[in-house]
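Heads up, the numbering used here is the position in the sequence shown plus 326, with the first residue counted as 1.
Hints were generated in silico from the structure; no laboratory data involved. It is possible that some hints are incorrect.
As the list claims (entries may be wrong) - Pairs of lysine-lysine residues, derived as DSS-like cross-links and limited to a Cα-Cα distance of at most 27 angstroms, are as follows:
1) K694 to K447
2) K535 to K447
3) K354 to K337
4) K354 to K642
5) K642 to K447
To be verified - Here are the simulated distance ranges between beta carbons:
6) M539 to L706: 45 to 53 angstroms
7) M539 to T668: 35 to 43 angstroms
8) H580 to K642: 16 to 24 angstroms
9) L578 to N556: 34 to 42 angstroms
All C-beta atoms, glycine included, are put in the ideal place defined by N, C-alpha and C.
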Amino acid sequence: MKIQFLKKYSKTILLIILLMISLFTAAKTFRSHLITINYPYQLEYREGAVLAVTDLYVKNENPYDIKFQPQHTYNYGFMYPLTTSFFAGFFGNSLAVHRWVTYASILIICLLVFFSLIHLKVNTVLSFTGAVILHQTLVYNGLTSIARPEGFGILLYVTGILLVWRFKFSTISCIACIVTGILGYLTKPYYSFAIPAIFLYLLFFISKKKSVMFAVMSILMFIVMIFIVNESYDTFFNNTFFVHVNYSDFNLSHMFSQVILYVKINAVIFVILFLSVVFLISGYSNFRNGNMSVIKDFWLKLKDAKILKWNEPIFKTETDVLFGFLMILSLTIFVFYLGGNTGSDNAAYLFHLSSPFLILTTFQLANKVSSYAFTITIVLLLIFTLGFQFKPKSYTYTKQIEKSRIIEDLISGKENILN
Numbered sequence: 327m328k329i330q331f332l333k334k335y336s337k338t339i340l341l342i343i344l345l346m347i348s349l350f351t352a353a354k355t356f357r358s359h360l361i362t363i364n365y366p367y368q369l370e371y372r373e374g375a376v377l378a379v380t381d382l383y384v385k386n387e388n389p390y391d392i393k394f395q396p397q398h399t400y401n402y403g404f405m406y407p408l409t410t411s412f413f414a415g416f417f418g419n420s421l422a423v424h425r426w427v428t429y430a431s432i433l434i435i436c437l438l439v440f441f442s443l444i445h446l447k448v449n450t451v452l453s454f455t456g457a458v459i460l461h462q463t464l465v466y467n468g469l470t471s472i473a474r475p476e477g478f479g480i481l482l483y484v485t486g487i488l489l490v491w492r493f494k495f496s497t498i499s500c501i502a503c504i505v506t507g508i509l510g511y512l513t514k515p516y517y518s519f520a521i522p523a524i525f526l527y528l529l530f531f532i533s534k535k536k537s538v539m540f541a542v543m544s545i546l547m548f549i550v551m552i553f554i555v556n557e558s559y560d561t562f563f564n565n566t567f568f569v570h571v572n573y574s575d576f577n578l579s580h581m582f583s584q585v586i587l588y589v590k591i592n593a594v595i596f597v598i599l600f601l602s603v604v605f606l607i608s609g610y611s612n613f614r615n616g617n618m619s620v621i622k623d624f625w626l627k628l629k630d631a632k633i634l635k636w637n638e639p640i641f642k643t644e645t646d647v648l649f650g651f652l653m654i655l656s657l658t659i660f661v662f663y664l665g666g667n668t669g670s671d672n673a674a675y676l677f678h679l680s681s682p683f684l685i686l687t688t689f690q691l692a693n694k695v696s697s698y699a700f701t702i703t704i705v706l707l708l709i710f711t712l713g714f715q716f717k718p719k720s721y722t723y724t725k726q727i728e729k730s731r732i733i734e735d736l737i738s739g740k741e742n743i744l745n
């Protein structure tokens, strides 16, 4: 009786502690991030470029008109500055307004992940903690939280995938995924990754027929988009596609250094993921099929490949493996293509494409393990990682402001800043 009492209340007490730490982490990060949002100067050399494009939208001008090139050349898509222009029209065209749009996108992404975990019947405190960890990840990594298109692009990318998952790959949800994927492309091209990712998942695990229909709809809608955008924006594809195609390179050591950085930052999350898989393989599962391991069940059905049946997937399984599939696929794309691009560093592509699904996969699998010792271990690990790897950071920017004001004084009143 005493053992049961201790088990029940020790778990409850640890969850309360975890909730308090998660709330503290989120609140303190929000408070410190307000300083970043309101910092009046650029935090990254490309951050200021978007202001010129947004300004043209506020003035009802076409930023991709040939007359505005090259002085207004912008190498990312137009969805972020266009969206921000609606707010800039009211509050002024500033870095702060752009950063608020980015941060609002991050908050919505975290809410989507939180409610997705709740839908998976993950404990509410653990779901909230997962959302907070994702919040910390996106605020502090991959240049995601400043006046750049990444935050808004991730929102479109994640939304499209969660829609098809939540509505069980219905035709309407697939169309919505394609639309958000195209909008993602128009934000920054690699956010269209949702479209080929869902196509592959449909092919492997849902239905070959549905995957072909999805591919045809995607191609047709992309063709329509290309004609419309090219007709409206003369230089858009030159600035956002052909420039990147001709510039991109691949450096193997650069790719490995970024993978190592990503694993280092997410070390505890990967430990939890590994432990979850080990426990599931060992048979500690509360899955609906009794005590059969989810992993074993998946492997047995995976071997039953149905290559020729049109209405069947290639691999049939009742297990929901979408988030794990996306995590592995995004890592694969990074290793063989995106990660070697020396124009991007600090594992930005991995944080953008993989992190939401790393969180979802980890907590989804951990939730399937029915073990008191495992749950206590996971809660302790989460408390540790919030206190160390994902703890709030404080920024004052005092020295940066002093230097920026000196430069501002030097160029103020000058018609030619080079003299």
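Do the hints match the structure? See the list:
1. With a CA separation close to 10 angstroms, the supplied pair K694 and K447 stays within the 27 angstroms bound.
2. At roughly 31 angstroms between alpha-carbon atoms, K535 and K447 are farther apart than 27 angstroms, so this suggested pair is violated.
3. Taken as a hint, the K354 and K337 pair is honoured in the structure, with Cα atoms around 26 angstroms apart against an allowance of 27 angstroms.
4. For the given pair, K354 sits about 46 angstroms from K642 by alpha-carbon distance, which is inconsistent with the 27 angstroms threshold.
5. Proposed proximity of K642 and K447 is supported: the alpha carbons are some 24 angstroms apart, at most 27 angstroms.
6. Distance hint check: the CB atoms of M539 and L706 are about 47 angstroms apart, consistent with the given range 45 to 53 angstroms.
7. With their beta carbons about 39 angstroms apart, M539 and T668 fall inside the hinted range of 35 to 43 angstroms.
8. One distance hint, 16 to 24 angstroms for the beta-carbon pair H580 and K642, is violated here, with the actual separation near 39 angstroms.
9. Between L578 and N556 the beta carbon distance is about 36 angstroms. The supplied range of 34 to 42 angstroms therefore holds.
In this structure, the hints that do not hold are numbers 2, 4, 8, in rising order.
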